[in-house]
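Chains as they are written, first to last, in this note's numbering: chain A, 82 to 511; chain R, 82 to 511.
Watch out, some of these pointers could steer you wrong.
Claimed, not checked - List time: in silico SDA-like cross-link candidates among lysine to any residue, alpha-carbon distance up to 25 Å:
1. 212/A to 142/R
2. 215/A to 199/R
3. 86/R to 97/R
4. 369/R to 469/A
5. 105/A to 429/A
6. 369/A to 118/R
7. 215/R to 199/A
8. 398/R to 316/R
9. 177/R to 470/R
10. 212/A to 199/R
11. 86/A to 485/A
12. 206/R to 429/A
13. 212/R to 470/R
14. 106/A to 123/A
15. 146/A to 157/A
16. 289/A to 255/A
17. 135/A to 127/R
18. 206/R to 176/R
19. 388/A to 199/A
20. 429/A to 117/A
21. 369/R to 92/A
22. 206/A to 251/R
23. 135/A to 150/R
24. 212/A to 251/R
25. 470/R to 206/R
26. 142/A to 131/R
27. 446/A to 392/A
28. 142/R to 115/A
29. 487/A to 470/R
30. 212/A to 369/R
31. 487/R to 157/R
32. 470/R to 367/A
33. 470/A to 367/R
34. 142/R to 484/A
35. 369/R to 199/A
I should point out that these hints are in silico values taken from the structure, not numbers from a laboratory.
2 protein chains.
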Amino acid sequence: MLSYKDMDQTQLETTLVELKSNYKKFKDQNLNLNMARGKPSCDQMDMTEDFLFKVIEETEKLESKDGTDCRNYGILEGLPEMREIFSEMMEIDSDKILALGNSSLELMFNVISYSMTQLRPGATKPWYEIKDRKFLCPVPGYDRHFAVTEHFGFELVPVQMTENGPDMDEVERLCAADDSIKGIWCVPKYSNPDGYVYDEETTRRLAKMKAADDFLIMWDNTYCVHHLYDDPAKQGHLLDIMALSEEAGYPDRVLVFASTSKMTFANAGIGAIAGSKSNIDWYLSNLKFQTIGPDKMSQLFQAQLIKKAGGVKELMKRHATILRPKFELVLDVLQEELGEFNIADWHKPLGGYFISVNLQPGTAKQVVAMCKDAGVILTGAGATYPYNKDPHDSNIRIAPSYPTIKELETAIRVFCTCAKIAAVENYLSQ
Amino acid sequence: MLSYKDMDQTQLETTLVELKSNYKKFKDQNLNLNMARGKPSCDQMDMTEDFLFKVIEETEKLESKDGTDCRNYGILEGLPEMREIFSEMMEIDSDKILALGNSSLELMFNVISYSMTQLRPGATKPWYEIKDRKFLCPVPGYDRHFAVTEHFGFELVPVQMTENGPDMDEVERLCAADDSIKGIWCVPKYSNPDGYVYDEETTRRLAKMKAADDFLIMWDNTYCVHHLYDDPAKQGHLLDIMALSEEAGYPDRVLVFASTSKMTFANAGIGAIAGSKSNIDWYLSNLKFQTIGPDKMSQLFQAQLIKKAGGVKELMKRHATILRPKFELVLDVLQEELGEFNIADWHKPLGGYFISVNLQPGTAKQVVAMCKDAGVILTGAGATYPYNKDPHDSNIRIAPSYPTIKELETAIRVFCTCAKIAAVENYLSQ
Chain A
82 MLSYKDMDQT
92 QLETTLVELK
102 SNYKKFKDQN
112 LNLNMARGKP
122 SCDQMDMTED
132 FLFKVIEETE
142 KLESKDGTDC
152 RNYGILEGLP
162 EMREIFSEMM
172 EIDSDKILAL
182 GNSSLELMFN
192 VISYSMTQLR
202 PGATKPWYEI
212 KDRKFLCPVP
222 GYDRHFAVTE
232 HFGFELVPVQ
242 MTENGPDMDE
252 VERLCAADDS
262 IKGIWCVPKY
272 SNPDGYVYDE
282 ETTRRLAKMK
292 AADDFLIMWD
302 NTYCVHHLYD
312 DPAKQGHLLD
322 IMALSEEAGY
332 PDRVLVFAST
342 SKMTFANAGI
352 GAIAGSKSNI
362 DWYLSNLKFQ
372 TIGPDKMSQL
382 FQAQLIKKAG
392 GVKELMKRHA
402 TILRPKFELV
412 LDVLQEELGE
422 FNIADWHKPL
432 GGYFISVNLQ
442 PGTAKQVVAM
452 CKDAGVILTG
462 AGATYPYNKD
472 PHDSNIRIAP
482 SYPTIKELET
492 AIRVFCTCAK
502 IAAVENYLSQ
Chain R
82 MLSYKDMDQT
92 QLETTLVELK
102 SNYKKFKDQN
112 LNLNMARGKP
122 SCDQMDMTED
132 FLFKVIEETE
142 KLESKDGTDC
152 RNYGILEGLP
162 EMREIFSEMM
172 EIDSDKILAL
182 GNSSLELMFN
192 VISYSMTQLR
202 PGATKPWYEI
212 KDRKFLCPVP
222 GYDRHFAVTE
232 HFGFELVPVQ
242 MTENGPDMDE
252 VERLCAADDS
262 IKGIWCVPKY
272 SNPDGYVYDE
282 ETTRRLAKMK
292 AADDFLIMWD
302 NTYCVHHLYD
312 DPAKQGHLLD
322 IMALSEEAGY
332 PDRVLVFAST
342 SKMTFANAGI
352 GAIAGSKSNI
362 DWYLSNLKFQ
372 TIGPDKMSQL
382 FQAQLIKKAG
392 GVKELMKRHA
402 TILRPKFELV
412 LDVLQEELGE
422 FNIADWHKPL
432 GGYFISVNLQ
442 PGTAKQVVAM
452 CKDAGVILTG
462 AGATYPYNKD
472 PHDSNIRIAP
482 SYPTIKELET
492 AIRVFCTCAK
502 IAAVENYLSQ
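Please take these sequences and the hints and turn them into a complete structure.
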């Protein structure tokens, strides 16, 4: 098949007519499909709901394994059984983990918020007083991360992602030169949106690089057990950054996050934060003014649900059974429709919730708008960049989890059609 | 019976010997009783647990009345059915209420925290930049309130409580003179610890007084439906401070809080915040960076639980049936043991969770320590004052809710014995 770039004007015009005719057929279907956010599907939640109701039916006493009455006040650090589940997931000792609230985003927000007005370990000033405070944002990345630091007045400094993690030459250069850079956002395993896994060198360099004394690696390991394949060889391997930073003499540099939002119920899951003893003590020294304790009944039910499902690994295998065909479908259609035209590239993720597609520069906004006109909602173009500004107007994040397989196939074909139209129009205008 | 103050030295010494003998008998029982915190009792939670399990058994779909799937992300402002329940409780339109999180303390912390770094309505500077920021603390009051503002660097300014609310002459004088006073903590109905209800004049004066443009009344109406008596004549009546402040031209002066912590489950309840449209929009404009949404499954179950119990009023009558005998027992024993000696005074609350006892000045710390030695834990002396400093060392907060009736009688008799010993020793040392 001829690449668009090798076509002459007449060939391009003929192609465009054909593509627009296909697009019109989609439009005439009055579609209403959504690939915008990483929402678990109804199938996934029906599965966990079944376990929940079984567990509740078998519950005789709302009591944790240490005898705590889960119906009453107390236990600021979370239930022991929930902390142990996170310990298995995060590969961190449970005494360095707090199980709190209904999502991990809140814990990340709190870390930044606390640090604005209170001295975090290593800091000589609350960050409110650092007028030119900055935060590193590997791009493309997660819009909600960037938004937290933007909300608190940080300048967001983009750093290019590679398939091994952020460009470490650039990260080291920036951090060594500027103490007002206070941290970096990381989704180290199955990164949002590319699905990359930080390699050993990247992790080691992050742990030991020169940076501000209160520099903070926000290690959002949200997809730590969210593999698409049961085969260990097809699962990302991540080094223990907390241990590495301690070895390097920076024990308080890292905070690690995870949640059960995409294991049990989205927005009714449990969030977790892990760190060195002084980091955890610091978090608790703020938290104790904010709350008397987390919802232990929710923690108890979820710990029991996960146990009932056969443990973390078995539960995640069940989720993968639902998610894997969706990812494979999207990747197959992308390859089939776009593969030979040289107008897009993407990485094949082994886990996580997203597929990131880089279109012809200058076409992402147009494609999102055309998809929307045809009833297919994508994450906004630019959303994966600070301030919503993708300098190449190229990156689009696809979230294949929520639609059914049938909906997904239609949605991704609409997307590919729009991508092709935009590319052809781009060549025609040159 | 002779008042201690009318006894001569010999009579006092004889009395002391007798009291100490009683105290020793209590000590020999190796008691382990706790009247420190306002924890609901197991009886109360057994009752609500029964409703919870019934409700879950009958649940066919985890869906809210507006069709929202409670298992997935979304609905930042909380479920409509939960906001309607709060509307009934708080007597505020549901569109001015957000139902969020598992307790109201977190919402209060967030309000102060947000205001530290972001401009709240009426503010010209984030409060972090007000170096001499102050907050009014009616005393005796709630330690966790005071602690939040102390944590954020406010100077805590005590104002004397009266049976009608805080001393408004003093509040008006302070606020008119000092723009760095940014707010006041209020528990307007069944105040913590006295059980007073703010009268109409106090409420009107708070709503219309001269104060800083960003002055904030933290109206913690946590005991709004926590009556001990079913008789409306025996229930505190509170004016609508939000309407009054709007009338007075200060629509953004008040934020109102409530929760179901002492209706369904402590720490597994739902918190609520209410305010003017601009206040609520402001809260959401911060919250949207902090979380994707609250735990809607918990909200759904609790809304259904309350409905199952016959609604708010019926549910609270059931709680009162358990709590009322405890309050009456404590009040009866206080009257029987201390009433005629003129060494203590207290108010008889019609709702809420506490009984506040003012002992002979200079004896509160001693009484708490003696009780502790005999195995009876009370709220720390001074805890009802900013910085833990009761200038008269007199006030003690008694929480009768958690112990059983039998435990409670022993505990309160220990307390009375200690109060008498301290008073007699006090007279002997004069």
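Going down the list of hints, with the structure as the test:
{"no.": "1", "hint": "212/A to 142/R", "in the structure": "50 Å, violated"}
{"no.": "2", "hint": "215/A to 199/R", "in the structure": "18 Å, holds"}
{"no.": "3", "hint": "86/R to 97/R", "in the structure": "13 Å, holds"}
{"no.": "4", "hint": "369/R to 469/A", "in the structure": "17 Å, holds"}
{"no.": "5", "hint": "105/A to 429/A", "in the structure": "30 Å, violated"}
{"no.": "6", "hint": "369/A to 118/R", "in the structure": "15 Å, holds"}
{"no.": "7", "hint": "215/R to 199/A", "in the structure": "18 Å, holds"}
{"no.": "8", "hint": "398/R to 316/R", "in the structure": "12 Å, holds"}
{"no.": "9", "hint": "177/R to 470/R", "in the structure": "37 Å, violated"}
{"no.": "10", "hint": "212/A to 199/R", "in the structure": "15 Å, holds"}
{"no.": "11", "hint": "86/A to 485/A", "in the structure": "35 Å, violated"}
{"no.": "12", "hint": "206/R to 429/A", "in the structure": "48 Å, violated"}
{"no.": "13", "hint": "212/R to 470/R", "in the structure": "23 Å, holds"}
{"no.": "14", "hint": "106/A to 123/A", "in the structure": "28 Å, violated"}
{"no.": "15", "hint": "146/A to 157/A", "in the structure": "16 Å, holds"}
{"no.": "16", "hint": "289/A to 255/A", "in the structure": "14 Å, holds"}
{"no.": "17", "hint": "135/A to 127/R", "in the structure": "21 Å, holds"}
{"no.": "18", "hint": "206/R to 176/R", "in the structure": "28 Å, violated"}
{"no.": "19", "hint": "388/A to 199/A", "in the structure": "38 Å, violated"}
{"no.": "20", "hint": "429/A to 117/A", "in the structure": "19 Å, holds"}
{"no.": "21", "hint": "369/R to 92/A", "in the structure": "49 Å, violated"}
{"no.": "22", "hint": "206/A to 251/R", "in the structure": "36 Å, violated"}
{"no.": "23", "hint": "135/A to 150/R", "in the structure": "20 Å, holds"}
{"no.": "24", "hint": "212/A to 251/R", "in the structure": "39 Å, violated"}
{"no.": "25", "hint": "470/R to 206/R", "in the structure": "31 Å, violated"}
{"no.": "26", "hint": "142/A to 131/R", "in the structure": "11 Å, holds"}
{"no.": "27", "hint": "446/A to 392/A", "in the structure": "42 Å, violated"}
{"no.": "28", "hint": "142/R to 115/A", "in the structure": "23 Å, holds"}
{"no.": "29", "hint": "487/A to 470/R", "in the structure": "67 Å, violated"}
{"no.": "30", "hint": "212/A to 369/R", "in the structure": "24 Å, holds"}
{"no.": "31", "hint": "487/R to 157/R", "in the structure": "45 Å, violated"}
{"no.": "32", "hint": "470/R to 367/A", "in the structure": "22 Å, holds"}
{"no.": "33", "hint": "470/A to 367/R", "in the structure": "22 Å, holds"}
{"no.": "34", "hint": "142/R to 484/A", "in the structure": "20 Å, holds"}
{"no.": "35", "hint": "369/R to 199/A", "in the structure": "22 Å, holds"}
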